[in-house]
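Model the full structure from these sequences, guided by the hints.
Chain by chain, the residues run as shown.
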Amino acid sequence: MTAPVSVTLENVASYSEWRTAARRLLAAGVAPERVGFRLASTSADLFGSGPADVAAGTSNKGQVIRVPKEFPALARDVLCHNDDSRFALLYRLLWRVKDVPQLLDNRADVDVYAARRLAKSVRRDSHKMKAFVRFRRVESDAGEAFVAWFEPEHHIVERTAPFFSRRFSGMRWSIVTPARSAHWDGHALTYGDGANRRDCPDGDALENYWRVYYSSIFNPARLKLNAMRSEMPVKYWRNLPESRLIPELSRSAQRAQRAAPAGAAPCLVTAQKLVAEQPGMVTQTMAEPKTLPDLTTSLQQCARCELCETATAAVPGEGAADARLMLVGEQPGDEEDLVGRPFVGPAGKVLLEALQEAGIERESVYLTNAVKHFKFKPRGKRRIHQRPNATEIETCRWWLDFERDIVAPRVTLALGATAARATLGHPVKVMDVRGQAFTSDTGDVVLVTVHPSYLLRLPDRAAAHEQRLQFIDDLRRAEALATSVPA
Amino acid sequence: MPHLNTVDKLAILADAAKYDASCASSGAQKRNSVGTGGIGSTEGMGICHSYAPDGRCISLLKVLLTNYCQYDCLYCVNRVSSNVQRARFGAAELAQLTMDFYKRNYIEGLFLSSGIIRSPDYTMEQMVSVARLLRETHEFNGYIHLKTIPDAAPELLEAAGRYADRLSINVELPSRKSLGKLAPEKDASRIRSAMAAVRTKIDEKKEKSRHPNPRAIKATGQSTQMIVGADKSDDRKILTTSASLYAGYKLRRVYYSAFSPTPHPSSHLPPQPPPLQREHRLYQADWLLRFYKFELDEIVSGGHNGMLDLDIDPKLAWALKNRERFPVDVNKATRSELLRVPGLGTRSVGAIVKARRLGALRLADIARLTTSVVKIRPFIVARDWVPTHSLESASLRAQVAPVPVQRDFFG
Numbered sequence: 001m002t003a004p005v006s007v008t009l010e011n012v013a014s015y016s017e018w019r020t021a022a023r024r025l026l027a028a029g030v031a032p033e034r035v036g037f038r039l040a041s042t043s044a045d046l047f048g049s050g051p052a053d054v055a056a057g058t059s060n061k062g063q064v065i066r067v068p069k070e071f072p073a074l075a076r077d078v079l080c081h082n083d084d085s086r087f088a089l090l091y092r093l094l095w096r097v098k099d100v101p102q103l104l105d106n107r108a109d110v111d112v113y114a115a116r117r118l119a120k121s122v123r124r125d126s127h128k129m130k131a132f133v134r135f136r137r138v139e140s141d142a143g144e145a146f147v148a149w150f151e152p153e154h155h156i157v158e159r160t161a162p163f164f165s166r167r168f169s170g171m172r173w174s175i176v177t178p179a180r181s182a183h184w185d186g187h188a189l190t191y192g193d194g195a196n197r198r199d200c201p202d203g204d205a206l207e208n209y210w211r212v213y214y215s216s217i218f219n220p221a222r223l224k225l226n227a228m229r230s231e232m233p234v235k236y237w238r239n240l241p242e243s244r245l246i247p248e249l250s251r252s253a254q255r256a257q258r259a260a261p262a263g264a265a266p267c268l269v270t271a272q273k274l275v276a277e278q279p280g281m282v283t284q285t286m287a288e289p290k291t292l293p294d295l296t297t298s299l300q301q302c303a304r305c306e307l308c309e310t311a312t313a314a315v316p317g318e319g320a321a322d323a324r325l326m327l328v329g330e331q332p333g334d335e336e337d338l339v340g341r342p343f344v345g346p347a348g349k350v351l352l353e354a355l356q357e358a359g360i361e362r363e364s365v366y367l368t369n370a371v372k373h374f375k376f377k378p379r380g381k382r383r384i385h386q387r388p389n390a391t392e393i394e395t396c397r398w399w400l401d402f403e404r405d406i407v408a409p410r411v412t413l414a415l416g417a418t419a420a421r422a423t424l425g426h427p428v429k430v431m432d433v434r435g436q437a438f439t440s441d442t443g444d445v446v447l448v449t450v451h452p453s454y455l456l457r458l459p460d461r462a463a464a465h466e467q468r469l470q471f472i473d474d475l476r477r478a479e480a481l482a483t484s485v486p487a
Numbered sequence: 001m002p003h004l005n006t007v008d009k010l011a012i013l014a015d016a017a018k019y020d021a022s023c024a025s026s027g028a029q030k031r032n033s034v035g036t037g038g039i040g041s042t043e044g045m046g047i048c049h050s051y052a053p054d055g056r057c058i059s060l061l062k063v064l065l066t067n068y069c070q071y072d073c074l075y076c077v078n079r080v081s082s083n084v085q086r087a088r089f090g091a092a093e094l095a096q097l098t099m100d101f102y103k104r105n106y107i108e109g110l111f112l113s114s115g116i117i118r119s120p121d122y123t124m125e126q127m128v129s130v131a132r133l134l135r136e137t138h139e140f141n142g143y144i145h146l147k148t149i150p151d152a153a154p155e156l157l158e159a160a161g162r163y164a165d166r167l168s169i170n171v172e173l174p175s176r177k178s179l180g181k182l183a184p185e186k187d188a189s190r191i192r193s194a195m196a197a198v199r200t201k202i203d204e205k206k207e208k209s210r211h212p213n214p215r216a217i218k219a220t221g222q223s224t225q226m227i228v229g230a231d232k233s234d235d236r237k238i239l240t241t242s243a244s245l246y247a248g249y250k251l252r253r254v255y256y257s258a259f260s261p262t263p264h265p266s267s268h269l270p271p272q273p274p275p276l277q278r279e280h281r282l283y284q285a286d287w288l289l290r291f292y293k294f295e296l297d298e299i300v301s302g303g304h305n306g307m308l309d310l311d312i313d314p315k316l317a318w319a320l321k322n323r324e325r326f327p328v329d330v331n332k333a334t335r336s337e338l339l340r341v342p343g344l345g346t347r348s349v350g351a352i353v354k355a356r357r358l359g360a361l362r363l364a365d366i367a368r369l370t371t372s373v374v375k376i377r378p379f380i381v382a383r384d385w386v387p388t389h390s391l392e393s394a395s396l397r398a399q400v401a402p403v404p405v406q407r408d409f410f411g
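Protein chains in written order, with this note's numbering: chain A, 1 to 487; chain B, 1 to 411.
Rather than coming from a laboratory, the hints here were simulated on the basis of the structure.
You may find that some hints are simply not true.
[To be verified] Heads up, simulated DSS-like pairs for lysine-lysine below, C-alpha to C-alpha not over 25 Å straight-line:
1) B:Lys237 to A:Lys377
2) B:Lys250 to B:Lys186
3) A:Lys224 to B:Lys375
4) B:Lys237 to B:Lys293
5) B:Lys181 to B:Lys237
6) A:Lys381 to B:Lys30
7) A:Lys120 to B:Lys177
8) A:Lys98 to B:Lys354
9) A:Lys377 to B:Lys250
10) A:Lys381 to B:Lys321
11) A:Lys377 to A:Lys349
12) A:Lys381 to B:Lys375
13) A:Lys381 to B:Lys237
14) A:Lys69 to B:Lys354
15) A:Lys377 to B:Lys293
16) B:Lys177 to A:Lys377
17) B:Lys205 to B:Lys237
18) A:Lys224 to B:Lys18
19) A:Lys381 to B:Lys250
20) A:Lys120 to B:Lys375
21) A:Lys349 to B:Lys293
22) A:Lys349 to B:Lys205
23) B:Lys321 to B:Lys375
24) A:Lys235 to A:Lys130
25) B:Lys181 to A:Lys130
26) A:Lys381 to B:Lys293
27) A:Lys349 to B:Lys206
28) B:Lys232 to B:Lys181
29) B:Lys30 to A:Lys120
30) B:Lys218 to A:Lys377
31) B:Lys218 to A:Lys381
32) B:Lys206 to A:Lys381
33) B:Lys232 to A:Lys377
Next comes the structure, spelled out in structure tokens:
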């Protein structure tokens, strides 16, 4: 059982043919060291000389060989490679993988590594074919058609042509390579033998447009020839109409760079002067708004603190300009920030439902926030809410005070600690002052209750229900006070 | 104005578009033209059809519809006060050129931007009409990226989203204040509000995708671009802005474009560009933030005074300042510990984690799983490898830092 065995294959890259041969070998228990594969088209034996042929007489019926799901796809790719050792490498891999099914996961294994390298090189060649095929238009009796001459490195025409038929289904086209050619007539894909470059059209009027585009989109201020060559290897250049421009574009960019070298130390003095940035707070002078529309407009220019740098836009208050009851929340949340309106997120829904239950019409009150920009910490694709600090609350009071002046509510209900601090001007503990009526400097009555998001955070359902009822009571009380207090 | 033919316009309007860094054509919804008689497909992975000597990929026909502009953004070559030659494509003319290029397999599709003419709405309408012509008249199924104009009406933004695979709006500069100074007609809140609106549309589309709505937008993502080095924002500021943009608007990408002094520059701008390496380091840092679970402070701590180290990549810079965390045992370390090893990318880490289940890895195994074992060696322990002294050595940086290469002269 040590005699060498030779297998002759008709096709350069046929998975089914190789598989049939490999099954027979496996069924006969032929170890990989003994097998030599040869292609019918090549005269030389890839293994040695004079071995017996295993193909005849060995049956593989009833033999079930289990391979990992990934193996056939890997094998198909590897078979397209032009390396003569591919058939033997795959058989060795098959021989080993039948005993160690996880073998393919070990990319550090010498055979797995070799197979994956071949597969990768084939996939890359195929990808480059999709990229670098250049069609040239020809006119015939049947109308226009497109022909491309391409020189792939591996046996990838059949592997890649379906891509072109999916993409250019409304065109008639042919891709011709030295070994194979592919043709699409608008309905079916057919393959034929290879041909010569001479058999293909040698130009297209649009190629001049393409070269104009290529040289205009190039930025001569930067030159990265190695990056270009690694992605567009020189072996593909001769069939790319734009490649003839590369030497001259590169040389003229180099001449320009020698005259004024790029990449020198940046000189930012003028820009620094222009964009003088002070750390921390920014002082800003702004006209004092007299009406709510005025306020909304000038609010958008607000850069009184750093929150404007990351938030989408300031979220103005909304509601009746002559409301008797004003509700002040903490700050816009994620959804409010995206939409640009207050109380549209989860906590806002809790508030609106509570208002409804308290019998208060949303349109009759004025809704706003103590801080007008969303404060958050980015975490991946999410924004995590951050509490505004004392300075931010104090800075943004500028806007809240104008809103209170303009709307002049009889009662202001502060929702949560931030709103309480902003409306009262000093920090308080919400639970200590809940139910207490304060008279503010501006003459309205200030009441304090919890923020609706507090109701969302309570883990105990009974407690949440209890708190919710109390919250609705607070709303009712504020509304009652607002209707009873004389104007 | 002298009469310009298509090829003259192409030269002017491609030249005017070259400062836009994005050329991505990936991430579109998969579709093709089988059985439609039309042309075009998008299969998820983008294709770069050529590369320019600047090393950048050419995937799309990237042009301006017109480089006439009524705005005066100081960093922009097309600003109203700049003395460049102007041109304008007709919508049908540009749609035809796109088809002609596409059918020859030069491009994946169109990336259309524009100067502002007459009004933001008028300009946006013109851009949308090119996209509509391509989709409806030419039955074009390839990729379309529209650079939208933040001040245009929401209906136009929505129409743009119906025809385009990707929408983008440039934030332009890392800070609100710089934008106010350098681009007086632009407004950071309006730009971000437009990005928020696009995000909301894309979210809605995902929710509704079980009941496809013909009017639903096609766009699957948005991206943006920030100019680096035109103002004095440091790398920390730039990355902070990026992180908040990724978190807020579900961006596919933030592109960093090193400021290029344009012809006839404004005297308010730096006369020199920032080092190109800065742009590269920002991209690397951006990757560490998104795919390697690094915190912004950690990344910035690898450099000096809020700027990244230009000579070495930000992960290596961080590692050299946190040597006590190394070496890491490749056979025992968690995935997130491995991701912090300089030279190990997400793929290599995935391969190591899988391979080590089948047996302890040696240094030669690691060499097959990574691109450069020499760089990684000082930071790891393998079955037959323990780094000696190198982590304490003052010369470690010299050992692992890339050797400066001479400038590449062509031919």
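Requested in this report: Quickly compare the C-alpha distance for Lys218 of chain B and Lys381 of chain A to 25 Å and report which way the hint goes.
Outcome: holds, 21 Å
Query raised in the report: Hey, Lys177 of chain B versus Lys377 of chain A, does the alpha-carbon distance stay inside 25 Å?
Result: holds, 21 Å
Requested in this report: Sort out whether Lys18 of chain B lies within 25 Å of Lys224 of chain A, counting only the CA atoms.
Outcome: Judged against 25 Å, a Cα distance of about 15 Å means the pair holds.
Requested in this report: Would you check the hint for Lys98 of chain A and Lys354 of chain B, treating anything up to 25 Å between C-alpha atoms as holding?
Outcome: holds, 19 Å
Query raised in the report: Does the structure keep Lys381 of chain A and Lys375 of chain B at a Cα separation of 25 Å or less?
Result: With Cα atoms ~32 Å apart, Lys381 of chain A and Lys375 of chain B exceed 25 Å; violated.
Query - 25 Å limit on alpha-carbon distance, applied to hinted pair Lys377 of chain A and Lys349 of chain A - result: Distance of about 23 Å is within 25 Å: holds.
Query raised in the report: Does the structure keep Lys224 of chain A and Lys375 of chain B at a Cα separation of 25 Å or less?
Result: Distance ~23 Å between Lys224 of chain A and Lys375 of chain B Cα, so the pair holds.
**Report entry** Proposed proximity, Lys237 of chain B with Lys205 of chain B (alpha carbon, max 25 Å)
**Finding:** Between Lys205 of chain B and Lys237 of chain B the Cα gap is close to 33 Å, so the pair fails against 25 Å, i.e. violated.
Query raised in the report: Keeping to a limit of 25 Å between CA atoms, is the pair of Lys232 of chain B and Lys181 of chain B held or broken?
Result: Within the cut-off at roughly 12 Å; holds.
Query raised in the report: Taking 25 Å as the top limit, are the C-alpha atoms of Lys377 of chain A and Lys250 of chain B close enough?
Result: holds, 15 Å
Query raised in the report: Given the hint that Lys181 of chain B pairs with Lys237 of chain B, does the C-alpha gap stay at or below 25 Å?
Result: Between Lys181 of chain B and Lys237 of chain B the Cα gap is close to 17 Å, so the pair holds against 25 Å.
Query - 25 Å limit on alpha-carbon distance, applied to hinted pair Lys69 of chain A and Lys354 of chain B - result: holds, 16 Å
The earlier numbered hints that this structure contradicts are 7, 10, 12, 17, 21, 25 and 30.
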